Structure formats: C-alpha cells, structure tokens
Amino acid sequence: MLDIIVCFKWVVDEAFIRRTSSGDLDFSSVDYKISEYDRNAIEAAVRLREECGGSVTAVTVGPPEAAKGVKDALSRGPDRAVFAEDPLFGGLDPSQTAAVLGQVISSKTPFNLIICGEGSGDVYSQQTGPRLAEFLGIPCAAYVQKLTVKEGRVTAERKVEGFIEVDSLPLPALVTVLPDIATPRIPGVKDTLMASKKAVIKVGKNELTAVPPPLLKTKSVRAARVERECEKFTAEVEDIKRFVAALQKRGVLK
Amino acid sequence: MNFQLTEEQELIRKNIREFAAKYVEPIAAEIDENERHPTELFKKLAEGGWMGIPIPTQYGGSGADYLTNAIVVEEISRSCSSTGFTVSIHVGIACMLILLFGNEEQKKKYLVPLAKGEHMGAFVLTEPGAGTDVMAATTTAAKDGDFYVLNGTKTFISNGPLADTYLVFCWTDKAAGRKGMSSFIIPRGTPGLIPGEHFHKMGLRSSQTSEVVFKDCRVHKDNLLGKEGAGLTNAMTGFDHGRVGIAAQSVGILQAALDESIRYSKERVQMGNPIARHQAISWMIADMATDLEAARFLTYHAAWLKDQGKPFSKEASMAKLFAAEKAMHHTIKAVQIHGGYGYIKGAKVERLMRDAKITEIYEGTSEAQRMVISGNVLR
Numbered sequence: 001m002l003d004i005i006v007c008f009k010w011v012v013d014e015a016f017i018r019r020t021s022s023g024d025l026d027f028s029s030v031d032y033k034i035s036e037y038d039r040n041a042i043e044a045a046v047r048l049r050e051e052c053g054g055s056v057t058a059v060t061v062g063p064p065e066a067a068k069g070v071k072d073a074l075s076r077g078p079d080r081a082v083f084a085e086d087p088l089f090g091g092l093d094p095s096q097t098a099a100v101l102g103q104v105i106s107s108k109t110p111f112n113l114i115i116c117g118e119g120s121g122d123v124y125s126q127q128t129g130p131r132l133a134e135f136l137g138i139p140c141a142a143y144v145q146k147l148t149v150k151e152g153r154v155t156a157e158r159k160v161e162g163f164i165e166v167d168s169l170p171l172p173a174l175v176t177v178l179p180d181i182a183t184p185r186i187p188g189v190k191d192t193l194m195a196s197k198k199a200v201i202k203v204g205k206n207e208l209t210a211v212p213p214p215l216l217k218t219k220s221v222r223a224a225r226v227e228r229e230c231e232k233f234t235a236e237v238e239d240i241k242r243f244v245a246a247l248q249k250r251g252v253l254k
Numbered sequence: 001m002n003f004q005l006t007e008e009q010e011l012i013r014k015n016i017r018e019f020a021a022k023y024v025e026p027i028a029a030e031i032d033e034n035e036r037h038p039t040e041l042f043k044k045l046a047e048g049g050w051m052g053i054p055i056p057t058q059y060g061g062s063g064a065d066y067l068t069n070a071i072v073v074e075e076i077s078r079s080c081s082s083t084g085f086t087v088s089i090h091v092g093i094a095c096m097l098i099l100l101f102g103n104e105e106q107k108k109k110y111l112v113p114l115a116k117g118e119h120m121g122a123f124v125l126t127e128p129g130a131g132t133d134v135m136a137a138t139t140t141a142a143k144d145g146d147f148y149v150l151n152g153t154k155t156f157i158s159n160g161p162l163a164d165t166y167l168v169f170c171w172t173d174k175a176a177g178r179k180g181m182s183s184f185i186i187p188r189g190t191p192g193l194i195p196g197e198h199f200h201k202m203g204l205r206s207s208q209t210s211e212v213v214f215k216d217c218r219v220h221k222d223n224l225l226g227k228e229g230a231g232l233t234n235a236m237t238g239f240d241h242g243r244v245g246i247a248a249q250s251v252g253i254l255q256a257a258l259d260e261s262i263r264y265s266k267e268r269v270q271m272g273n274p275i276a277r278h279q280a281i282s283w284m285i286a287d288m289a290t291d292l293e294a295a296r297f298l299t300y301h302a303a304w305l306k307d308q309g310k311p312f313s314k315e316a317s318m319a320k321l322f323a324a325e326k327a328m329h330h331t332i333k334a335v336q337i338h339g340g341y342g343y344i345k346g347a348k349v350e351r352l353m354r355d356a357k358i359t360e361i362y363e364g365t366s367e368a369q370r371m372v373i374s375g376n377v378l379r
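In the order they appear, the protein sequences are chains A and B.
Going by this note's numbering, the first sequence opens with residue 1, and the numbers climb by one from there.
Going by this note's numbering, the second sequence opens with residue 1, and the numbers climb by one from there.
None of these hints come from the bench; they were simulated from the model.
Because the structure is a prediction, the values reported are computed rather than measured.
Hints may contain errors.
Between beta-carbon pairs, the in silico distance windows are [unchecked claim]:
#1 B:VAL269 to A:PRO87: 44 to 54 Å
#2 A:THR148 to B:GLN308: 23 to 33 Å
#3 B:ARG277 to A:GLY251: 30 to 40 Å
#4 A:THR148 to B:GLY339: 49 to 59 Å
#5 A:PHE243 to B:GLU25: 30 to 40 Å
#6 A:SER125 to B:PHE297: 34 to 44 Å
#7 B:PHE297 to A:THR109: 22 to 32 Å
#8 A:ASP180 to B:GLU30: 27 to 37 Å
Cβ-to-Cβ under 7 Å is the rule here; a few derived chain A residues that face chain B [what the hints assert, rightly or not]:
#9 GLU36
#10 LYS71
#11 MET194
#12 SER220
#13 ALA224
Within a straight-line C-alpha distance of at most 16 Å, the following computed EDC-like cross-link-like pairs (lysine to aspartate or glutamate) qualify [unchecked claim]:
#14 B:LYS116 to A:ASP191
#15 B:LYS14 to A:GLU151
#16 A:LYS68 to B:GLU10
#17 B:LYS345 to B:ASP216
#18 A:LYS190 to B:ASP65
Think of the CB as a built atom: it goes at the ideal place given N, C-alpha and C, for glycine as much as any other residue.
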C-alpha cells in the first residue's frame, strides 16, 4: 500500500498569452490549465496506485481561482485534494511554494511518496520539487522517467544528459518526473462530474506559519525575439556548397 | 443573468477539445474522402461517456445536462461535422426519445446500450414523399393481435446502414390524422426491417445515410414507444432536442471556419501585407466572429431552457435556423478568404462549406424552422 502525494500547479495556458506591439505580454484574456508536466505526474501517481494499492492525494498552492484546477486534477484519478488557498498564493517564488507545500503536507497528509513534475509549465524553475524534499528532510531524485516501488524503496530511472542513472531511495521520498513517465488520460464526462464529489481539504494562509519572503523577484517578462534569416538556394552544385557553408558559418553543421 | 458556464462544463469542454484534436481532427479529412464510419473513434467516444451525456447514469449515461451535450457536439463538429452530427442524432433524438417516452423495461433493454455507446440509434421518419410535410408519410403499421405489421419506405435516414436501434414513425390509423401516427423501437435484425446502402452525399460524408425499408416487418406491441397515436408528438419532441444539436453542430462549423480564416489570413501575404490587415478580409472575419457569438448564445440558451424544464421549441428552432444559415454563409466566406487554396480538396474550409449545407436542410429545413417560429410568435 502506497500513499502518494502528487503536487500540481494551475498555470496560465500559454496559447492565450498575446504579445503587444511593444513586446510586453498581454495576460488580459488568458485561460488556465494544469501545468503540462504535472498532468503526466498525476497520471504516473494514479497508475502507481493501481499497481501497488493505496491512495493518491493531489496537492496544490494557489489563488482561489485555482479551485477549477483542483477539480480538473481530481477528474484525473486522485482520491482527494489538499488546496492551500490564498489570493496571494498566485505569485509565490519556488522557495515560498515549497515552504507552503511542506507545511501543508507535513500537517495534513501522511505519505510514502511525493511525485512532482520536473518543472512548472509557466516559469519552469525546476526548484519546487527538490526544495520541498529539502524542507521535509527526505531523499529526492529529479528527472525520473521510470518508477518502481518495492519493499519500502523506490527505484528511479533518471534521464540525465547522455546517460541513464538508476537510483534506489528509501521511502518516504520525493521524485520529480519527466513527461515520458506517463501519457495523461483525457478525463471522461463522468470523471469530471465525479470530481466534484471528492474531498477537498482547504488550508488558509492563517493555518500556516508565516510564509517566508521571496528569494527571487521577477522584474519583468518580455516576449522573446527570434531573428529569422531568409536566403534562397537552388539544387545546383554551387548552391549546395554555398548552403553547406552557410550552415557551417551559423554553427548548425560542424 | 449569468453567462458563466459551470466549472464542470468548462472542464468538459477542454477535455472534449483535447479529445477532438487528438482523435477526430487527424482522421476528419480521410473519413470524409472515403465516406467511412470510424468505428474505432466511436469506441473511444463510448469509453469516455461522450455518447450518452445527458442520460442519467442508471440508464447507462453520464448524467450531465443538455447544455453540456451541446458544448460537446459543438467541439466535436469543430473538428469533424459528420462525427459531431452522429453523436448529436444518437444522443439528442434516439436516446432522448427513449428516455422521455420509453417505459422502464424499454429503457433497460434499449436505452442502456445506446447511452453507453455500445449501440447506435436512428430516427426513422422521413420518406421519399414526406419531408417537411410529415403528414404525407405512407408507411403503415397494421394491427394483428398483439403485433403490428409495418410496410413502407423511409429515406435519408442518418445511421440507417449501421444502427442497432431504429425509432420508427408510421401510421397506425391514418384516418385519425395527427393522432394516427405511432412510434416503435425496432432492433436491427428484425425480419422485414431492411437497411439500405449508404448514399453518396455532397458533405457530411462519413455520416452514414440510407433508405430503411419495411416489408411485412412484425413487431410486438411492447415495442410501441409511448402510446399508440403519440408518434407525431414524440417526433416533434425529438426534433426540438435534435435541433439544439444541429445548432451546436453549426456553431462548431462556424468556429472552425473562423479558426481557419484567422490562421490563414495572418499567414497569407498579398501586396506586401498579411491579408488579415486588408479591410476587405478583416471585416469578413469580424462578421464571422459576431455571428458565431450570436449563434452560440442562441444555442446555449435553448439548451439551458431545456435543462430548466422550460419550453424550448421556439428557441431550438431559432438557434437551428440562425446557426445553420450563418454556418453556410460564413463557410462560403472562409473559402473566399482562402482563395484558390480553399477550393482544393484537403483544405479544411472546403469540407466545412460542403458540410454546412446540410444544416439548413435536415431536422427541419430553414423554411420549416420559420414555420415553427412564426407559428409561435403569431399565436
């Protein structure tokens, strides 16, 4: 039996972000979604429960609007949710998010395993998972693409640049997972309707000890500019040579 | 006044959009070209509970409301109008009529597999000489003890070649006029029920359409849907529900036309600028977006009235009339925006334009809708 916690973040759906003529980002008509990586993490947690038995609790920190995200998460299979909710929780930095998650988890939810996405779909700092493990004083493996749990230990296959590392961690432990871990399901109609009937434990800011000040301040966000070049080549030998040279010059070919 | 969908409705919209993008959009052109009913897709739709959305769970459905069903038909139609329509007629007419007028036994026997999506339903009313003029139908059901014997030819029956459950409307007493028509639930395989070959259509090509012929087809009186003589009322109720579905399908087509027009007009450069910056094009898109919004509100309002248990016949006709005519009008514009590229097979707008036409014809032509609406407002 495995009590799994899966953390998720309700983020801006980037498809709705508009770029103004001055290069600023316009968030005025955005919609929100569960961070892509976290959807895979939720699926991994639910499949692991199906394999090992036990429970899945989805945990999130966010503003009241994230309530829809809680329902979305629950429609994907977790048994219950814990929602740390405050209007100020929309703009926390990773250290603050980890601190809030840590307090909520240690006071509200017994667990053997915590699963987080490798990073969030909005700022993708990839810090929250490892910081949360640090806060709770448990071992952590990041960038995991395959998970097995056996006899009180989790075996985590980590994909790191150029090679695959296999780690064995004693439970309780935390892993951050890559999207390859599991392809998320598309919830059916009943899954969505049933989500409203599952338990959601709400935790207010006043139930937590003080949220630490941010370590990171975002000063501005601007649209990236991609410079494009356009040059035409024909299939003539001379042009092919020129084409190869052009690619070499720009470092595309070595 | 509250224009906000519920969180569940919004999430379900997101989910069906993702489903449609993943499973429907990639095959839409192929099933149109080959006039193929995508069995594998309908199996997936059944698994997700998309084939019985507004049917209570005790009858195999998903237990959501009719507005949710309209949203789902809209989103599927945005990717493939044929698929959206097949869901619409299956749920909106076949399932709904058994839910509303079937007895408990019929619901268990016929509605459960329909709402689960294991069976497909068909609405069998139209005849070669009886379209808008339903009273001109000639198919009869002659009483013979505990049985009825059906004879006649029905045509333009959606799901005709493949349905498992046919809801059939015919005369049990022609002399009784409007009270002389009855409706029957007849399962596929009943001797004398002969589904025809698929018709080749201009649009909506993967939706399977055929004749259904009845030749001394004996059905037990237990197969009567509702009371003898209630057929015409049942059919009209079916139309009310079905029209919300066709309106939703048309809204989906309109949204797809707008999506394609926006995308293409931003990419296509003529005279040094993307054509979206040319007023001739941008105003077409403005009109398209405005009519889409109006059609959507009419449709959702009709579905909402149904969910509130209020009369919605007039509103369903208004939504269907407006959405269908706007879908036709604006898919023509969408092809115009695409120019020559929009006239080539494989361009989505080409399919949208062909698919749009039927929405002005079936489940009551635009003219029939105007009869319903004028009859209501001039009362």
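Checked hints:
no.	hint	result
1	B:VAL269 to A:PRO87: 44 to 54 Å	holds, 45 Å
2	A:THR148 to B:GLN308: 23 to 33 Å	violated, 52 Å
3	B:ARG277 to A:GLY251: 30 to 40 Å	holds, 35 Å
4	A:THR148 to B:GLY339: 49 to 59 Å	holds, 57 Å
5	A:PHE243 to B:GLU25: 30 to 40 Å	holds, 35 Å
6	A:SER125 to B:PHE297: 34 to 44 Å	holds, 42 Å
7	B:PHE297 to A:THR109: 22 to 32 Å	violated, 43 Å
8	A:ASP180 to B:GLU30: 27 to 37 Å	holds, 29 Å
9	GLU36	violated, 12 Å
10	LYS71	holds, 5 Å
11	MET194	violated, 10 Å
12	SER220	violated, 27 Å
13	ALA224	violated, 19 Å
14	B:LYS116 to A:ASP191	holds, 15 Å
15	B:LYS14 to A:GLU151	violated, 39 Å
16	A:LYS68 to B:GLU10	holds, 9 Å
17	B:LYS345 to B:ASP216	violated, 44 Å
18	A:LYS190 to B:ASP65	holds, 12 Å
In this structure, the hints that do not hold are numbers 2, 7, 9, 11, 12, 13, 15 and 17, in rising order.
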